[in-house]
Amino acid sequence: MVGLQHFLILGAILFCIGLFGALGKRNAVAVLISTELMFNAVNITLVAFARYAAPEQLAGQIFAVFAITVAAGAAALGLAIVLAVYRSRKTVSLEDIDLLKW
Amino acid sequence: MSGDLVVSVAFYLVAAITIISAIGVVAIGKIVHSAIFLFLTFAGVAATYVLLSAEFVAAVQVLIYAGAVIILILFAIWMTQGSMSPEGSPPNRQFLLALSLGAGLFVVLGWIILSTAWPISGGAVAQNTTQVVGKQMLTTYVLPFEIAAVLLTAAMIGAILIARED
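Those protein sequences? They're chains A and B, same order as listed. The opening position of the first sequence corresponds to residue 1 in my numbering, with each subsequent residue numbered one higher. The opening position of the second sequence corresponds to residue 1 in my numbering, with each subsequent residue numbered one higher.
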C-alpha cells in the first residue's frame, strides 16, 4: 500500500543525489544538471502533498507547474552564464574559475 | 486488492528506474552520458506524477523538462567542449565531503519523514485534475500566472543578452 511517505522518501533520495552532484562535480554544466535533479525532487514532494494532504484544492500541482516554469527559466539563464564564462575564460572547470574564491 | 498491488508494483518499478538514473547522472564521468541519464530521470519523474494523479503536471514535465531543458543542456555541453578532458565530468576535490553531506541529509530527512504524523486527508482525488488546475490557474492563481509570464520574458531576454557573441 503506497502512501505519502513513500513518495516523500523518493523525493528525499533524489534531492540528496542531486546535492552530491551539485557539490562534488568539477564541470559547471554537471553542477547545473544536478541542480535540475534537485528541482525535480522538490516537485515530486509538492505533488505528493497535493495528492495526499489536500486533494480537493490541488494547490500543490499548481505550485509544481510554477516551480517547473521558474526552474526552466533559471536553467536557461545559468547555462547562458556558463557559455559567457566559457567564451571569456575558455574553461568550464570550477577548479579554474576561482576569482571569487578566497 | 489487486488494484493496490498494481499501484505498488508500478510505484516501486518507477522509483527504481528514477533512482538508478539519478545515480547514473551524478556518478558517471562522461557528461553526455549524464545528460542521457538525466533524460531518463525526467521520464521517471513524469511517471511518478501520473501515479500521483497529476496528469497535467506530468505533461508539463515531459514538454518542458524532457523536451526543452535536455536540448538546452546538450547544446551547452556541445558548445563548452574542448575545455576539459574528453569525458568532461570528473568529481572534484571535495567529493567525499559532498557524499557525506548528501548521505547525512538523507538520514535526517528520512528520519523526519518516517517519524512525523502527516495530516493525510482521505478525500478522493478529482477525476479531471487538468480541469481543476486550469480553472484555478485563471481564477485564484491568475496573479502568479501573469508574473510567471513576465519572468519568462525577462529570463529569455537576459539569456539572449548574456549568451550573445559581441
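None of these hints come from the bench; they were simulated from the model. Each hint should be verified, as a subset may be incorrect.
List of simulated lysine to aspartate or glutamate pairs, EDC-like, C-alpha gap at most 16 angstroms [stated by the list, open to error]:
(1) K90(A) with E165(B)
(2) K135(B) with E146(B)
(3) K135(B) with E56(A)
Hint numbers contradicted by this structure:
Structure breaks no hint.
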